[in-house]
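Colleague: So you can see what is in the structure, the chains are spelled out below.
Protein chains: 2
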Amino acid sequence: MPSAHPVFGDTPAIGLICRNCQATYDLIAQHACWECFGPLEVNYDAAALARVTREQIESGPQNLWRYAGLLPVGQNESDRLSLNPGLTPLVEADNLARELGMRKVWIKDDSANPTHSFKDRVVSVAASAAGKLGFDRLACASTGNLANSVAAHAARAGYESIVFIPYDLETGKVVTTAVYGGGLVAVNGSYDDVNRLCSQLTETDEFEKTAFVNVNIRPYYAEGSKTLGYEVAEQLGWRLPEQVVIPAASGELLTKVHKAFEECAEIGLTDQAKVRVFGAQSAGCSPIADAFDADTDVITPVKPTGIAKSLNIGDPAAGPYAIESVRATGGAFAKVDDDEIREGIRLLARTTGIFAETAGGVSVATLKKLLDEGRLDPDAETVVYNTGEGLKTLDAVAAQAGPTHTVDASLKSAKQAGLLD
Amino acid sequence: MPSAHPVFGDTPAIGLICRNCQATYDLIAQHACWECFGPLEVNYDAAALARVTREQIESGPQNLWRYAGLLPVGQNESDRLSLNPGLTPLVEADNLARELGMRKVWIKDDSANPTHSFKDRVVSVAASAAGKLGFDRLACASTGNLANSVAAHAARAGYESIVFIPYDLETGKVVTTAVYGGGLVAVNGSYDDVNRLCSQLTETDEFEKTAFVNVNIRPYYAEGSKTLGYEVAEQLGWRLPEQVVIPAASGELLTKVHKAFEECAEIGLTDQAKVRVFGAQSAGCSPIADAFDADTDVITPVKPTGIAKSLNIGDPAAGPYAIESVRATGGAFAKVDDDEIREGIRLLARTTGIFAETAGGVSVATLKKLLDEGRLDPDAETVVYNTGEGLKTLDAVAAQAGPTHTVDASLKSAKQAGLLD
Numbered sequence: 004m005p006s007a008h009p010v011f012g013d014t015p016a017i018g019l020i021c022r023n024c025q026a027t028y029d030l031i032a033q034h035a036c037w038e039c040f041g042p043l044e045v046n047y048d049a050a051a052l053a054r055v056t057r058e059q060i061e062s063g064p065q066n067l068w069r070y071a072g073l074l075p076v077g078q079n080e081s082d083r084l085s086l087n088p089g090l091t092p093l094v095e096a097d098n099l100a101r102e103l104g105m106r107k108v109w110i111k112d113d114s115a116n117p118t119h120s121f122k123d124r125v126v127s128v129a130a131s132a133a134g135k136l137g138f139d140r141l142a143c144a145s146t147g148n149l150a151n152s153v154a155a156h157a158a159r160a161g162y163e164s165i166v167f168i169p170y171d172l173e174t175g176k177v178v179t180t181a182v183y184g185g186g187l188v189a190v191n192g193s194y195d196d197v198n199r200l201c202s203q204l205t206e207t208d209e210f211e212k213t214a215f216v217n218v219n220i221r222p223y224y225a226e227g228s229k230t231l232g233y234e235v236a237e238q239l240g241w242r243l244p245e246q247v248v249i250p251a252a253s254g255e256l257l258t259k260v261h262k263a264f265e266e267c268a269e270i271g272l273t274d275q276a277k278v279r280v281f282g283a284q285s286a287g288c289s290p291i292a293d294a295f296d297a298d299t300d301v302i303t304p305v306k307p308t309g310i311a312k313s314l315n316i317g318d319p320a321a322g323p324y325a326i327e328s329v330r331a332t333g334g335a336f337a338k339v340d341d342d343e344i345r346e347g348i349r350l351l352a353r354t355t356g357i358f359a360e361t362a363g364g365v366s367v368a369t370l371k372k373l374l375d376e377g378r379l380d381p382d383a384e385t386v387v388y389n390t391g392e393g394l395k396t397l398d399a400v401a402a403q404a405g406p407t408h409t410v411d412a413s414l415k416s417a418k419q420a421g422l423l424d
Numbered sequence: 004m005p006s007a008h009p010v011f012g013d014t015p016a017i018g019l020i021c022r023n024c025q026a027t028y029d030l031i032a033q034h035a036c037w038e039c040f041g042p043l044e045v046n047y048d049a050a051a052l053a054r055v056t057r058e059q060i061e062s063g064p065q066n067l068w069r070y071a072g073l074l075p076v077g078q079n080e081s082d083r084l085s086l087n088p089g090l091t092p093l094v095e096a097d098n099l100a101r102e103l104g105m106r107k108v109w110i111k112d113d114s115a116n117p118t119h120s121f122k123d124r125v126v127s128v129a130a131s132a133a134g135k136l137g138f139d140r141l142a143c144a145s146t147g148n149l150a151n152s153v154a155a156h157a158a159r160a161g162y163e164s165i166v167f168i169p170y171d172l173e174t175g176k177v178v179t180t181a182v183y184g185g186g187l188v189a190v191n192g193s194y195d196d197v198n199r200l201c202s203q204l205t206e207t208d209e210f211e212k213t214a215f216v217n218v219n220i221r222p223y224y225a226e227g228s229k230t231l232g233y234e235v236a237e238q239l240g241w242r243l244p245e246q247v248v249i250p251a252a253s254g255e256l257l258t259k260v261h262k263a264f265e266e267c268a269e270i271g272l273t274d275q276a277k278v279r280v281f282g283a284q285s286a287g288c289s290p291i292a293d294a295f296d297a298d299t300d301v302i303t304p305v306k307p308t309g310i311a312k313s314l315n316i317g318d319p320a321a322g323p324y325a326i327e328s329v330r331a332t333g334g335a336f337a338k339v340d341d342d343e344i345r346e347g348i349r350l351l352a353r354t355t356g357i358f359a360e361t362a363g364g365v366s367v368a369t370l371k372k373l374l375d376e377g378r379l380d381p382d383a384e385t386v387v388y389n390t391g392e393g394l395k396t397l398d399a400v401a402a403q404a405g406p407t408h409t410v411d412a413s414l415k416s417a418k419q420a421g422l423l424d
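Sequence lines, in order, name chains A and B.
In terms of the numbering used here, the first sequence is residues 4 to 424.
In terms of the numbering used here, the second sequence is residues 4 to 424.
Check the hints yourself; a few may be wrong.
Because identical chains cannot be distinguished in the list, a pair is counted as satisfied if it fits within a single copy or across any two copies.
Lysine-lysine pairs mimicking DSS-like chemistry, simulated, CA-CA at most 27 angstroms apart [as the list claims (entries may be wrong)]:
id : residue 1 : residue 2
1  : K262      : K415
2  : K107      : K212
3  : K372      : K415
4  : K262      : K107
5  : K277      : K306
6  : K212      : K306
7  : K372      : K306
8  : K372      : K418
9  : K262      : K306
10 : K415      : K306
11 : K212      : K418
12 : K277      : K212
13 : K277      : K415
14 : K107      : K277
15 : K107      : K372
16 : K212      : K415
Source of the hints: derived by calculation from the structure; they are not laboratory data.
Can you build the whole structure from these sequences, using the hints too?
Modeller: Structural data, given as structure tokens:
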């Protein structure tokens, strides 16, 4: 058994590794390879991962830290700078399945996290790593949900925060970030511009002690998404689904959920099973889906448009890896337009009681499209990921979601309005 | 052991009982006593309640149904028409305690429920009772949160729904109800007018099969609030807090949480302990606090104003019982104005990472006021209830919660804005 890491303690992680050239690094604050500029990810001791058992996990806390044995940080409770997200509901969507002519559909509803998106998972892991690495301020480039989560995590931990967002975000996401009292910088530009500015800031002396969760400590951050795979496996009774539909912005979530499924099988938490991974994008920003359709893994950056702002990353860092996951598993990508997204939100709400943000609408609309096109098997057990909360993107459906009747407070008026017919 | 109830099965409930004259009824759809018009509540077999153990509860599901042995319905999983709310976080609010000069403060954060308010608890119990009682449509009179919850529960269960709201609700609450596709009736009037109309509708033939969760089946509905007491006891390691601060609209939540604490001690889940119960109201609608201050239990109805719309019930049905609970435990009521409410929301967000709706702002501002006035003990362990989600009342804080900086996507602009100072 290797001795504990001097900074991270009893972690199963042994360092960072370049996804491109396999160069290895210690557990440091770095996201790009010094050799080839490829993206770094966390490298684990396979034997340490293999020691994790179902029983260990099941006796853990009712949140994502039950999987700490499979994460780079958070093995000790005192190391966790966290709102303790996770163990969100896996909802049996029988009404939805019936309406779509499918055998079995589940919704993994990550709007149930503390700040109501899956970003609480990645921020919890990143913030905890930031604490270990000696940072004293949390930051991010964000399309909104990440901003909410970073500001809230910093408030809970008593850290300073400064988050960077495109100037044109939904009000719901701006207010829900600003209310925590940290710095909130609106940038005149797209998310990709915001991201570039943050990369530049990490190089300045003034930001030396600032952890940009999705920039300089991105390798740790990205690992948090794996818990969305582990949880589905555990909630299905340590069994993998046959198909999953996952929305893609940077492509990282999809890649990491796929990685989590592979790990589950490798270390014996589940049987080996083939999970077909499908990716969902908005037609207003579909560089990954377009590359998939063109049968290439070279992503051509785009200028995003459309209502699914949380997915509007025109130059997706993990795009090629997402395509790799989808191809390797026999899945596909599809894209849906704004009207289809709105209809996806309403379909999900009407059949399950779950009100998703636009990204969740993209997932559901993509499920429908893939079915219509015969690319997804209606008889295979399917999990659809809802990554965020409808309350944050009210404008998307507000025009079609008002009162059905307006009456005075009298039986006579109720009768006139047809309520007593 | 009594035989199972013909409709409700293995319930610990033996009927309804009038809170006023103690007349008893079977488990029927009725909320007012035929003898004296007093409010009915569920009457339990004390021996059945006493058989519930910590171990039974702890081996139950991770939601409010773990307390089914203490509820009138839901003992069998197939009886539950439910989004499965509950087991929401009890958050250690150390930064808040420090700022207020208190020894120990916890926030019971019920914004974590599926539709992000405590109403999911009462609706889950009411909807399940409605199923047993043969209703085929769910309805309510609502200030917003209840509407959201009823519409979502109906969507999940495949029931029809029709909800009644005052015409001037927050957009967040209107859209989040309408999106589920049920009937949504805006009433030109106050909540109290809406409530009166719903009472009249329950008497019509057309609404014979409609369960108004907070009108004709209110006794079942109200019991759901008890779970907010049980959970705090369990989450503290089967121990009661010394003080609690609970917002009051109808006054029912406060009354039922107090009842739950008493039950915990009576049936041996916790030691006997005195919990001082404090009630929080908005100055725009404070009929209960005003009666308390005037040392009477006669509530004078008011016309509500102010931003805490979810608490705006001018003629609170359980007001006298709430005053009774507060007096019996040595607590107090206080009321806070709109500016204090906004400051309460921001204080909670800044110190805990929890973004509460206006009702939660009322709780936190009331905590501060009671401390300032020396009526609440800063050294006693205190639980403050947050009953809803800030995303639903964004307007309350939007004016003070925007970006702190606006920049172009360049280091030069960041420097000019002072970000590199």
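Colleague: Within, between, both or neither: how does the pair K107, K372 come out at a Cα-Cα threshold of 27 angstroms?
Modeller: within (17 angstroms within a copy, 53 angstroms between copies)
Colleague: Have a look at K262 and K306 and pick one of within, between, both or neither, based on CA distance no larger than 27 angstroms.
Modeller: neither (29 angstroms within a copy, 58 angstroms between copies)
Colleague: When no copy is named, should K262 and K415 be tagged within, between, both, or neither for a Cα gap of at most 27 angstroms?
Modeller: neither (62 angstroms within a copy, 40 angstroms between copies)
Colleague: Given a CA cutoff of 27 angstroms, do K372 and K418 count as a within-copy pair, a between-copy pair, both, or neither?
Modeller: neither (42 angstroms within a copy, 47 angstroms between copies)
Colleague: When no copy is named, should K107 and K277 be tagged within, between, both, or neither for a Cα gap of at most 27 angstroms?
Modeller: This pair counts as within: shortest intra-copy Cα distance 17 angstroms, inter-copy 50 angstroms.
Colleague: With identical chains, the pair K372 and K415 could be close in the same copy or across copies; at 27 angstroms between alpha carbons, which is it: within, between, both, or neither?
Modeller: neither (46 angstroms within a copy, 45 angstroms between copies)
Colleague: Is the C-alpha distance from K212 to K415 at most 27 angstroms within one copy, between copies, in both cases, or in neither?
Modeller: between (67 angstroms within a copy, 20 angstroms between copies)
Colleague: How would you classify K277 and K212 at a CA-CA limit of 27 angstroms: within, between, both, or neither?
Modeller: neither (43 angstroms within a copy, 48 angstroms between copies)
Colleague: Is it within a copy, between copies, both, or neither that the alpha carbon of K212 lies no farther than 27 angstroms from that of K306?
Modeller: So K212 and K306 fail the 27 angstroms test inside a copy (32 angstroms) and across (53 angstroms) alike.
Colleague: With identical chains treated as interchangeable, where does the CA-CA distance between K107 and K212 reach 27 angstroms or less: within a copy, between copies, both, or neither?
Modeller: Neither, since 48 angstroms and 31 angstroms both go past 27 angstroms.
Colleague: For the identical chains here, do K277 and K306 meet the 27 angstroms Cα criterion within one copy, between copies, both, or neither?
Modeller: neither (35 angstroms within a copy, 62 angstroms between copies)
Colleague: Under a CA distance limit of 27 angstroms, which applies to K262 and K107: within one copy, between copies, both, or neither?
Modeller: within (23 angstroms within a copy, 42 angstroms between copies)
Checked against the numbered hints above, the structure violates hints 1, 2, 3, 5, 6, 8, 9, 12 and 13; every other hint is satisfied.
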